[in-house]
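S.K.: Sequence:
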Amino acid sequence: MKTKTKIAPKKIHHKLWCIPVYYIGSVVHNSQVKSRSKHQHPDSKIHFHDIPIPSLVCPPLNPNAKTKFLEYLIPSFQANAHLRQPISSLLHLLSSMTRRLVIGLVAYAVQDYRALSNAEAY
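In my numbering, the protein residues as written are 2 to 123.
Calculated directly from the structure, the hints in this document are not laboratory data.
If you're wondering where the values come from, they're calculated on a predicted model, not measured in any experiment.
Glycine is no exception: its CB is placed at the ideal position from the N, C-alpha and C atoms.
It is possible that part of the hints are untrue.
[Said to hold, decoys possible] Here are the in silico distance ranges between beta carbons for each label pair:
#1 P60 to N119: 40 to 48 Å
#2 S38 to M98: 28 to 36 Å
#3 K69 to K46: 44 to 52 Å
Based on the sequences and whatever the hints tell you, model everything.
M.R.: Below is the structure:
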C-alpha cells in the first residue's frame, strides 16, 4: 500500500519577504509581546509603537438602575475613541513611506484608513 507524503505548507514570513510589520499598542501590551519574542533578530522588520491609553474610571454597578445598559462599559468606549487620533497619525506617516499599507484589527480605531489611497483594512 502506498502512503502519501504530507508536504508542509510554506509559511509566509515577514523576514522572507522583507515586509516591515508594525505593532501598535499600549506600553504594557507591547512589552509583553517583546518579552515573548526573545529571539527577535536585530535585523527584524518588526516595529513597536506605543500609544497612550487613558486610565479608565468605571462607575460602580447599580443594581437599581432603570435601564439594564451596562454603564460600566462607557469608559472603555470612550477610551477606544481616544485611540483614533494617534493611530490615524501613525497610519498617515506609514502610508507616506510605503507603496501599500495593510491594516488588521480594531476597525473603529483605524476607520480613517479610507482616506489613504494605498491602504486596505482586514
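S.K.: Are the hints correct? Go through all of them and say.
M.R.: A quick look at each hint next to the structure:
1. P60 to N119: 40 to 48 Å: Holds: the Cβ-Cβ distance is about 42 Å, inside 40 to 48 Å.
2. S38 to M98: 28 to 36 Å: violated (23 Å)
3. K69 to K46: 44 to 52 Å: At roughly 48 Å between Cβ atoms, K46 and K69 fall inside 44 to 52 Å, so the hint holds.
Hint violations for this structure: number 2 only, all remaining hints satisfied.
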